[in-house]
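Just so you know, the sequences run in chain order A and B. In terms of this note's numbering, the first sequence has 229 at position 229, counting the first letter as 1, and numbering is strictly consecutive. In terms of this note's numbering, the second sequence has 214 at position 214, counting the first letter as 1, and numbering is strictly consecutive.
Bear in mind the hints are in silico, worked out from the structure with no lab data behind them. Nothing here was measured: the structure is a model prediction, and the numbers come from that model. Don't take each hint at face value.
One copy or two, it doesn't matter: identical chains are merged, so the pair holds either way.
Said to hold, decoys possible - Distance condition first, Cα-Cα at most 27 Å in a straight line; then the derived DSSO-like pairs of lysine-lysine:
(1) LYS220 / LYS178
(2) LYS439 / LYS210
(3) LYS424 / LYS178
(4) LYS181 / LYS424
(5) LYS349 / LYS220
(6) LYS272 / LYS3
(7) LYS24 / LYS272
(8) LYS178 / LYS340
(9) LYS82 / LYS41
(10) LYS11 / LYS220
(11) LYS149 / LYS178
(12) LYS116 / LYS11
(13) LYS424 / LYS210
(14) LYS220 / LYS3
(15) LYS234 / LYS210
(16) LYS340 / LYS3
(17) LYS224 / LYS181
(18) LYS178 / LYS439
(19) LYS349 / LYS37
(20) LYS439 / LYS181
Below, each chain spelled out in residue letters.
There are 2 protein chains.
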Amino acid sequence: MKKLDYFFQPKSVAVIGASRNPKKVGHVILRNFIEGKFLGKIYPINPNADEMFGLKAYPSVTRVPGSIDLAVVCIPAPIVPKALDECGRKGVRAVIIISGGFREIGNASLEEDCQKIIRKYGMSAIGPNCIGVFDPYSEVDTFFLPRYKLERPGEGTIAFISQSGALGSVVLDWMAMKNYKISKFVSYGNAMDVDEADLIEHLANDPTTKVICAYFEGVKQGRKFYDIAMKVSKKKPIIVLKGGITSEGKSAVSSHTGSLAGEYEIFHAAMKQSGIITAENLEELFDFARVFATQPKPKGNRVQVITDGGGFGVLATDWIIGNGLRLAKMDRATIGGLRKRYPPHVVIKNPLDLTGDATVERYRLAMEAAAADSNVDMIAVITLFQIPTLTAEITDVVSAVAGKCDKPLIVIAAGGRFTEVLKKSIEDFGTPTFSYPEKAAKALAALYDFGR
Amino acid sequence: MKKLDYFFQPKSVAVIGASRNPKKVGHVILRNFIEGKFLGKIYPINPNADEMFGLKAYPSVTRVPGSIDLAVVCIPAPIVPKALDECGRKGVRAVIIISGGFREIGNASLEEDCQKIIRKYGMSAIGPNCIGVFDPYSEVDTFFLPRYKLERPGEGTIAFISQSGALGSVVLDWMAMKNYKISKFVSYGNAMDVDEADLIEHLANDPTTKVICAYFEGVKQGRKFYDIAMKVSKKKPIIVLKGGITSEGKSAVSSHTGSLAGEYEIFHAAMKQSGIITAENLEELFDFARVFATQPKPKGNRVQVITDGGGFGVLATDWIIGNGLRLAKMDRATIGGLRKRYPPHVVIKNPLDLTGDATVERYRLAMEAAAADSNVDMIAVITLFQIPTLTAEITDVVSAVAGKCDKPLIVIAAGGRFTEVLKKSIEDFGTPTFSYPEKAAKALAALYDFGR
Numbered sequence: 001m002k003k004l005d006y007f008f009q010p011k012s013v014a015v016i017g018a019s020r021n022p023k024k025v026g027h028v029i030l031r032n033f034i035e036g037k038f039l040g041k042i043y044p045i046n047p048n049a050d051e052m053f054g055l056k057a058y059p060s061v062t063r064v065p066g067s068i069d070l071a072v073v074c075i076p077a078p079i080v081p082k083a084l085d086e087c088g089r090k091g092v093r094a095v096i097i098i099s100g101g102f103r104e105i106g107n108a109s110l111e112e113d114c115q116k117i118i119r120k121y122g123m124s125a126i127g128p129n130c131i132g133v134f135d136p137y138s139e140v141d142t143f144f145l146p147r148y149k150l151e152r153p154g155e156g157t158i159a160f161i162s163q164s165g166a167l168g169s170v171v172l173d174w175m176a177m178k179n180y181k182i183s184k185f186v187s188y189g190n191a192m193d194v195d196e197a198d199l200i201e202h203l204a205n206d207p208t209t210k211v212i213c214a215y216f217e218g219v220k221q222g223r224k225f226y227d228i229a230m231k232v233s234k235k236k237p238i239i240v241l242k243g244g245i246t247s248e249g250k251s252a253v254s255s256h257t258g259s260l261a262g263e264y265e266i267f268h269a270a271m272k273q274s275g276i277i278t279a280e281n282l283e284e285l286f287d288f289a290r291v292f293a294t295q296p297k298p299k300g301n302r303v304q305v306i307t308d309g310g311g312f313g314v315l316a317t318d319w320i321i322g323n324g325l326r327l328a329k330m331d332r333a334t335i336g337g338l339r340k341r342y343p344p345h346v347v348i349k350n351p352l353d354l355t356g357d358a359t360v361e362r363y364r365l366a367m368e369a370a371a372a373d374s375n376v377d378m379i380a381v382i383t384l385f386q387i388p389t390l391t392a393e394i395t396d397v398v399s400a401v402a403g404k405c406d407k408p409l410i411v412i413a414a415g416g417r418f419t420e421v422l423k424k425s426i427e428d429f430g431t432p433t434f435s436y437p438e439k440a441a442k443a444l445a446a447l448y449d450f451g452r
Numbered sequence: 001m002k003k004l005d006y007f008f009q010p011k012s013v014a015v016i017g018a019s020r021n022p023k024k025v026g027h028v029i030l031r032n033f034i035e036g037k038f039l040g041k042i043y044p045i046n047p048n049a050d051e052m053f054g055l056k057a058y059p060s061v062t063r064v065p066g067s068i069d070l071a072v073v074c075i076p077a078p079i080v081p082k083a084l085d086e087c088g089r090k091g092v093r094a095v096i097i098i099s100g101g102f103r104e105i106g107n108a109s110l111e112e113d114c115q116k117i118i119r120k121y122g123m124s125a126i127g128p129n130c131i132g133v134f135d136p137y138s139e140v141d142t143f144f145l146p147r148y149k150l151e152r153p154g155e156g157t158i159a160f161i162s163q164s165g166a167l168g169s170v171v172l173d174w175m176a177m178k179n180y181k182i183s184k185f186v187s188y189g190n191a192m193d194v195d196e197a198d199l200i201e202h203l204a205n206d207p208t209t210k211v212i213c214a215y216f217e218g219v220k221q222g223r224k225f226y227d228i229a230m231k232v233s234k235k236k237p238i239i240v241l242k243g244g245i246t247s248e249g250k251s252a253v254s255s256h257t258g259s260l261a262g263e264y265e266i267f268h269a270a271m272k273q274s275g276i277i278t279a280e281n282l283e284e285l286f287d288f289a290r291v292f293a294t295q296p297k298p299k300g301n302r303v304q305v306i307t308d309g310g311g312f313g314v315l316a317t318d319w320i321i322g323n324g325l326r327l328a329k330m331d332r333a334t335i336g337g338l339r340k341r342y343p344p345h346v347v348i349k350n351p352l353d354l355t356g357d358a359t360v361e362r363y364r365l366a367m368e369a370a371a372a373d374s375n376v377d378m379i380a381v382i383t384l385f386q387i388p389t390l391t392a393e394i395t396d397v398v399s400a401v402a403g404k405c406d407k408p409l410i411v412i413a414a415g416g417r418f419t420e421v422l423k424k425s426i427e428d429f430g431t432p433t434f435s436y437p438e439k440a441a442k443a444l445a446a447l448y449d450f451g452r
């Protein structure tokens with residue numbers, strides 16, 4: 001096992017600060033391990049208890065009979081060093097320090113003390129001042145917010161790392177609602193030991209992770225980050241959203257994580273050079289991630305638009321061109337073949353407008369034709385489900401054709417609850433869906449840029 | 001009654017092409033009138049029926065005993081002129097022509113014939129090739145899509161007009177899901193008689209409409225539109241999303257509505273000169289509309305950010321500055337007052353970071369302080385509901401303070417289902433909510449620009 005694997009696939013875990021009080025962090029984290037599908041051994045650590053939820057409790061990790069891969073620390077900051085020293089003596093491999101009260105409130109020396117202990121024993125540490133790890137495969141879950149307030153996403157291929165705990169947990173909650181799935185989720189806080197670069201390096205070799213997403217306000221060690229990103233981005237896409245772009249935002253950063261936000265221009269240039277994709281906002285980050293995780297690299301930038309609504313076709317065209325892509329021109333033979341099978345009012349151009357009486361069969365023909373035509377590099381399918389002639393079967397046909405297509409293919413559909421249900425079905429079969437043409441176009445443009 | 005009032009508050013309506021076949025447009029429209037809360041008289045017109053859903057049917061409007069304010073025409077294009085002539089002879093005031101098959105497929109002469117008849121009798125006409133009108137107050141509803149596929153929004157103050165029928169209906173459906181409310185909704189298609197300028201002029205005097213939103217691909221008569229927009233925008237905000245911005249998009253427009261999209265630069269300049277606000281996309285259009293419909297004009301561009309998550313505070317700051325607004329600097333007395341009542345780790349700056357153990361009471365104090373401080377022009381409240389100390393009571397407190405505040409105040413909250421429920425409650429009490437800081441900042445910037 002690699003060093004960082006102990007955070008995600010520990011065979012045994014100790015919760016230092018485990019508690020019976022439901023309002024305590026140590027309570028929620030202990031219960032996450034007990035009630036989830038975590039299969040390893042669980043050791044509650046609390047000097048004032050012999051037993052918790054049917055498990056034997058210990059006053060210290062040093063008293064635990066078996067070995068401990070991971071310790072989760074949720075006790076007040078001043079007593080963290082002592083607990084870490086005990087972890088070291090016990091041979092604990094990895095430590096997640098949830099507790100706050102270190103560098104972020106000016107208490108740098110306490111953080112340095114902890115760092116020394118971690119290094120002395122050769123342990124790895126995430127935190128302090130963080131929410132820690134959520135891994136849907138192993139169900140290591142140190143997020144201390146109850147599931148009714150903060151849902152957890154299912155097993156997927158997108159990894160997310162966040163310096164900010166609050167932002168990280170909001171994103172986790174939002175992804176769960178959207179039914180977006182993840183491989184690993186890490187809020188790493190003050191990055192006393194393991195930093196964003198280490199995590200990216202680890203995720204590069206993680207077989208379940210296809211795309212690496214990150215939010216941070218600054219990087220810990222510029223050179224190290226740059227070198228690692230350069231290497232990893234050749235293998236897997238790294239998408240970054242950075243906070244603290246304006247000078248006012250930077251000053252807010254210093255009150256927040258105490259890190260230096262740096263000049264955005266420099267940062268942005270360094271990102272680009274090291275092959276990192278930057279997102280403008282959180283939605284865009286995950287728009288990109290969903291497309292990168294599921295779609296192949298396109299051969300070129302020629303997009304074929306298929307639609308049942310002229311207005312959406314026009315908007316999509318504007319955004320495709322506005323994002324530096326081109327409209328594909330299908331082959332004459334393709335057009336001739338479609339002309340024979342469509343009624344005369346279908347507009348076989350780009351956008352290919354199947355019009356307001358479009359049927360599932362018309363979509364199937366159009367998608368198959370675009371998939372087979374060598375003048376088409378990517379396909380944007382607009383399905384406004386509201387029209388009377390389009391039955392719910394459209395989701396099966398779209399998913400089936402998309403599944404066989406070796407070009408990037410995305411679906412755009414806007415509307416209400418009926419539309420959202422059908423979109424979820426398409427998304428579940430691996431085709432990214434968007435509500436609006438501008439977001440779809442931006443994601444395709446990012447995929448094209450990364451492919452080059 | 002004004003001429004266009006007959007479209008929205010008719011005392012009697014004839015459905016020309018009413019049908020018993022559930023797949024027919026004339027069936028859905030007739031049932032909309034019968035099953036909704038429409039209070040006027042309803043006359044099904046169909047030469048092959050004596051009775052429909054318990055109502056007496058007539059072979060022609062000329063045979064209806066009472067007067068007819070509004071006729072909805074959903075019969076094949078070639079027989080529309082005859083029906084219009086009968087409407088004219090009957091003294092019908094207003095006609096909505098749903099039927100397609102006119103100028104948009106090159107059949108300009110048929111459309112001109114219809115136009116002549118409308119003018120000859122002094123009637124008003126919306127359409128042809130449109131979806132028509134939805135008014136949630138009177139429940140005039142000519143949208144021919146069943147409600148399970150296309151929901152209808154409730155009674156509100158935002159009007160929306162759309163050249164494109166498909167786009168219009170998608171937006172209606174989406175608004176209903178989002179719980180955004182509307183005053184009037186018009187899809188006007190080929191604009192043979194009533195065009196976007198006429199509708200805007202009418203909505204300017206409509207007491208339930210506070211904000212006018214529009215999607216179009218081109219304007220029918222530039223000079224007329226410009227003059228009317230100039231006048232109306234002094235009274236009510238007009239927000240426009242235009243399709244056909246790029247030359248490729250323009251060419252898609254000509255296949256779609258057959259209108260000329262014009263040069264975007266010229267269009268954009270003309271919009272600005274006439275006081276129109278342009279939106280970049282559909283979401284932004286309604287973000288702006290919700291803020292314009294509920295919030296007062298700000299006195300300046302100084303925004304106070306209140307947050308319980310540092311990362312979101314940083315992102316909000318970046319976007320506020322990036323959109324030409326400034327961070328407010330609260331008065332010393334305000335800061336001193338808050339200092340006394342907050343624990344020391346609360347960061348009383350801008351962003352005012354109540355931190356991850358924020359309570360409802362901390363929010364109340366911060367919001368009231370910002371509302372009272374003359375150095376603050378607008379307030380952006382970030383409430384990440386996931387934190388353990390924040391109870392659902394926060395929605396009442398936010399709504400109460402916002403209700404008394406004479407400055408623009410918006411709420412930003414991202415997350416999953418729990419968050420969405422709380423946001424809906426806040427939105428219902430009249431405070432606009434956003435998922436992401438960038439959208440909130442753009443909307444506040446638009447409000448500030450309009451105010452000047």
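To see whether the hints hold, each was checked on the structure:
Within a single copy, LYS220 and LYS178 get their C-alpha atoms no closer than 32 Å, and across copies no closer than 41 Å, so neither meets the 27 Å cut-off. With identical chains, the CA atoms of LYS439 and LYS210 are at most 27 Å apart within one copy only, with a shortest distance of 21 Å there and 29 Å across copies. Taking the shortest Cα distances, LYS424 and LYS178 sit within 27 Å of each other both inside one copy (8 Å) and across copies (17 Å). When the C-alpha separation of LYS181 and LYS424 is checked against a cutoff of 27 Å, the pair qualifies both within a copy, at 12 Å, and between copies, at 25 Å.
Taking CA atoms no more than 27 Å apart as the test, LYS349 paired with LYS220 passes between copies only; the shortest distance there is 25 Å, against 51 Å inside one copy. Taking the shortest Cα distances, LYS272 and LYS3 never come within 27 Å of each other, neither inside one copy (29 Å) nor across copies (59 Å). In this assembly of identical chains, the alpha carbons of LYS24 and LYS272 never lie at most 27 Å apart, being 43 Å within a copy and 56 Å across copies at closest. Taking the shortest alpha-carbon separations for LYS178 and LYS340, neither the intra-copy value of 40 Å nor the inter-copy value of 42 Å comes in at or below 27 Å.
Within a single copy, LYS82 and LYS41 get their C-alpha atoms as close as 23 Å, which meets the 27 Å cut-off; across copies the closest is 83 Å, which misses it. Taking the shortest alpha-carbon separations for LYS11 and LYS220, neither the intra-copy value of 30 Å nor the inter-copy value of 71 Å comes in at or below 27 Å. Taking identical chains as interchangeable, the C-alpha atoms of LYS149 and LYS178 lie at most 27 Å apart whether they share a chain (15 Å) or sit on different chains (21 Å). For the identical chains of this complex, LYS116 and LYS11 are intra-copy neighbours only, at 26 Å inside a copy versus 83 Å across copies, given an alpha-carbon limit of 27 Å.
When the C-alpha separation of LYS424 and LYS210 is checked against a cutoff of 27 Å, the pair qualifies only within one copy, where the shortest distance is 21 Å, while the shortest distance between copies is 35 Å. Taking the shortest Cα distances, LYS220 and LYS3 sit within 27 Å of each other inside one copy (20 Å), while across copies they are farther apart (68 Å). With identical chains, the CA atoms of LYS234 and LYS210 are at most 27 Å apart within one copy only, with a shortest distance of 12 Å there and 53 Å across copies. When the C-alpha separation of LYS340 and LYS3 is checked against a cutoff of 27 Å, the pair qualifies neither within a copy, at 62 Å, nor between copies, at 47 Å.
Taking CA atoms no more than 27 Å apart as the test, LYS224 paired with LYS181 passes in neither setting, with 29 Å inside one copy and 52 Å between copies. In this homomeric assembly, LYS178 and LYS439 come within 27 Å of each other (Cα to Cα) both inside a single copy, at 16 Å, and across copies, at 19 Å. When the C-alpha separation of LYS349 and LYS37 is checked against a cutoff of 27 Å, the pair qualifies neither within a copy, at 52 Å, nor between copies, at 43 Å. For the identical chains of this complex, LYS439 and LYS181 are neighbours both inside a copy (19 Å) and across copies (25 Å), given an alpha-carbon limit of 27 Å.
In summary, the structure is inconsistent with hints 1, 6, 7, 8, 10, 16, 17 and 19 from the numbered list given earlier, while agreeing with the others.
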